[in-house]
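Peer 1: With full-length UniProt numbering, the residue at position 156 of the sequence shown is 156, and numbering never jumps.
Hints are computed from structural coordinates only; laboratory data are not their basis.
Among the clues, some could well be false.
[Stated by the list, open to error] Derived pair list, reagent style BS3-like, types lysine-lysine, alpha-carbon separation capped at 25 Å:
no. : residue 1 : residue 2
1   : Lys270    : Lys202
2   : Lys217    : Lys270
3   : Lys217    : Lys185
4   : Lys128    : Lys202
5   : Lys217    : Lys202
[Unchecked claim] FRET-style restraints, in silico, Cβ to Cβ:
no. : residue 1 : residue 2 : range
6   : Gly54     : Pro184    : 30 to 38 Å
7   : His240    : Gly299    : 12 to 20 Å
8   : Gly299    : Gln247    : 36 to 44 Å
9   : Leu122    : Ile190    : 21 to 29 Å
10  : Arg278    : Ser151    : 53 to 61 Å
11  : Arg302    : Ser151    : 33 to 41 Å
12  : Leu318    : Gly148    : 47 to 55 Å
13  : Thr228    : Val314    : 23 to 31 Å
14  : Gly330    : Glu164    : 50 to 58 Å
15  : Gln224    : Ala10     : 32 to 40 Å
Bear in mind the structure is a predicted one, so any value in this text is a computation, not a measurement.
Think of the CB as a built atom: it goes at the ideal place given N, C-alpha and C, for glycine as much as any other residue.
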Amino acid sequence: MPQQSSRPAALSRRFSVAPMMDWTDRHCRYFLRQLSRHALLYTEMVTTGALIHGDRERFLRYSECEHPIALQLGGSNPQDLATCAKMAEAHGYDEVNLNVGCPSDRVQNNMIGACLMGHPALVADCVKAMQDAVSIPVTVKHRIGINGRDSYAELCDFVGQVREAGCRSFTVHARIAILEGLSPKENREIPPLRYDIAAQLKQDFPDLEIILNGGIKTLEECEQHLQTFDGVMLGREAYHNPFLLAQVDNRLFAAETTPITRMDALLALKPYVEQHLRDGGTLHHVSRHVLGLAQGFPGARRFRQLLSVDIHKVLDPLGLLDQAAELLRGH
Numbered sequence: 001m002p003q004q005s006s007r008p009a010a011l012s013r014r015f016s017v018a019p020m021m022d023w024t025d026r027h028c029r030y031f032l033r034q035l036s037r038h039a040l041l042y043t044e045m046v047t048t049g050a051l052i053h054g055d056r057e058r059f060l061r062y063s064e065c066e067h068p069i070a071l072q073l074g075g076s077n078p079q080d081l082a083t084c085a086k087m088a089e090a091h092g093y094d095e096v097n098l099n100v101g102c103p104s105d106r107v108q109n110n111m112i113g114a115c116l117m118g119h120p121a122l123v124a125d126c127v128k129a130m131q132d133a134v135s136i137p138v139t140v141k142h143r144i145g146i147n148g149r150d151s152y153a154e155l156c157d158f159v160g161q162v163r164e165a166g167c168r169s170f171t172v173h174a175r176i177a178i179l180e181g182l183s184p185k186e187n188r189e190i191p192p193l194r195y196d197i198a199a200q201l202k203q204d205f206p207d208l209e210i211i212l213n214g215g216i217k218t219l220e221e222c223e224q225h226l227q228t229f230d231g232v233m234l235g236r237e238a239y240h241n242p243f244l245l246a247q248v249d250n251r252l253f254a255a256e257t258t259p260i261t262r263m264d265a266l267l268a269l270k271p272y273v274e275q276h277l278r279d280g281g282t283l284h285h286v287s288r289h290v291l292g293l294a295q296g297f298p299g300a301r302r303f304r305q306l307l308s309v310d311i312h313k314v315l316d317p318l319g320l321l322d323q324a325a326e327l328l329r330g331h
């Protein structure tokens, strides 16, 4: 079994890694936990239908060391969301989060994600149903608006109604979502970032925990934003440049631990990979998440080639992992 680690004393949203479809699966989260003990980790968004009608154990599975960990749900039926929140609590998740930010056509058609910003009363009903069902925190991740409903007054109306339902923590992706004509990728890049709107929200709702998300790339930026907001959430940067998490505990949580090296972070995965192979998995399931460990030094390209191309040709995957780790020595 993977080695268990002690949980931090209390759940903190000071620094978190965003839920990202196809990226923040359990293998990715296990890897990120080797780099930071305190970062709050989120699952990929899981729809209520997948949990109620699908293979719930597969969707809810995680390793004990991943704590603190939050389950993000996609859905808009209060009863279904309450049922799934109970599953999250029963499986030991530290938080359950409602997705009100995903702009893809597929989820819109099922009344999931950013389109719910146009239905604040329904989101409030969903949050209340979930809170009535569980004792773990229920939080919301949302945009600053959607096309056609992007005024600051409408944002305050949304947050106000959801606050009245009992939600106390809001993660704000500081862009609007354009629901027609842009892909999800374009919706993460084309609508302009408006940190000022999120900051105004924190000023006008001082009793709420406001976490900033969107476009944050460095720990220097995190430190700057933490002067205004209660927490920061990183998405793509945390995935493509995961080694920045190695400094998070020291710089953002005042932990007095020695940051792990790139090499040791990779080698820490060996027992986990061995177990995954015994369970019938492949090294690629895990190693695809670590490619960003190597950037900007001699051997980095070879490292990525080993774990993305050569990996499909070898008979000794653990030996390949050792070979890749050696390329990280001293970096």
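Peer 1: Quick one, are Lys217 and Lys270 close enough, alpha carbons at most 25 Å?
Peer 2: This hinted pair is violated, its Cα atoms lying about 29 Å apart.
Peer 1: Given the range 50 to 58 Å, decide if the beta-carbon distance of Gly330 to Glu164 lies inside it.
Peer 2: For Gly330 and Glu164 the Cβ distance comes to about 55 Å; the hint holds.
Peer 1: Would you say the C-beta atoms of Gln224 and Ala10 sit inside 32 to 40 Å of each other?
Peer 2: violated (24 Å)
Peer 1: When you check the alpha-carbon spacing of Lys270 and Lys202, does it fall within 25 Å?
Peer 2: Roughly 43 Å between the alpha carbons, so the hint for Lys270 and Lys202 is violated.
Peer 1: May I ask you to test the hint 30 to 38 Å on the CB atoms belonging to Gly54 and Pro184?
Peer 2: violated (22 Å)
Peer 1: Would you mind confirming whether the straight-line C-alpha gap from Lys217 to Lys185 stays at or under 25 Å?
Peer 2: holds (17 Å)
Peer 1: So does Thr228 sit 23 to 31 Å from Val314, Cβ to Cβ?
Peer 2: violated (49 Å)
Peer 1: Taking the Cβ atom of Arg302 and the Cβ atom of Ser151, is their distance within the range 33 to 41 Å?
Peer 2: violated (52 Å)
Peer 1: So the hint says 47 to 55 Å: do the beta-carbon atoms of Leu318 and Gly148 match that?
Peer 2: Between Leu318 and Gly148, where Cβ atoms are some 54 Å apart, the hint holds.
Peer 1: Given the hint of 21 to 29 Å, check if Leu122 and Ile190 actually sit that far apart at their C-beta atoms.
Peer 2: holds (27 Å)
Peer 1: I want to verify a distance hint. Is the separation of the beta carbons of Gly299 and Gln247 within 36 to 44 Å?
Peer 2: For Gly299 and Gln247 the Cβ distance comes to about 22 Å; the hint is violated.
Peer 1: What's the verdict on Lys128 and Lys202, does the C-alpha distance respect the 25 Å limit or exceed it?
Peer 2: Distance ~22 Å between Lys128 and Lys202 Cα, so the pair holds.
The structure fails to meet hints 1, 2, 6, 8, 11, 13 and 15 from the earlier list, while all remaining hints are met.
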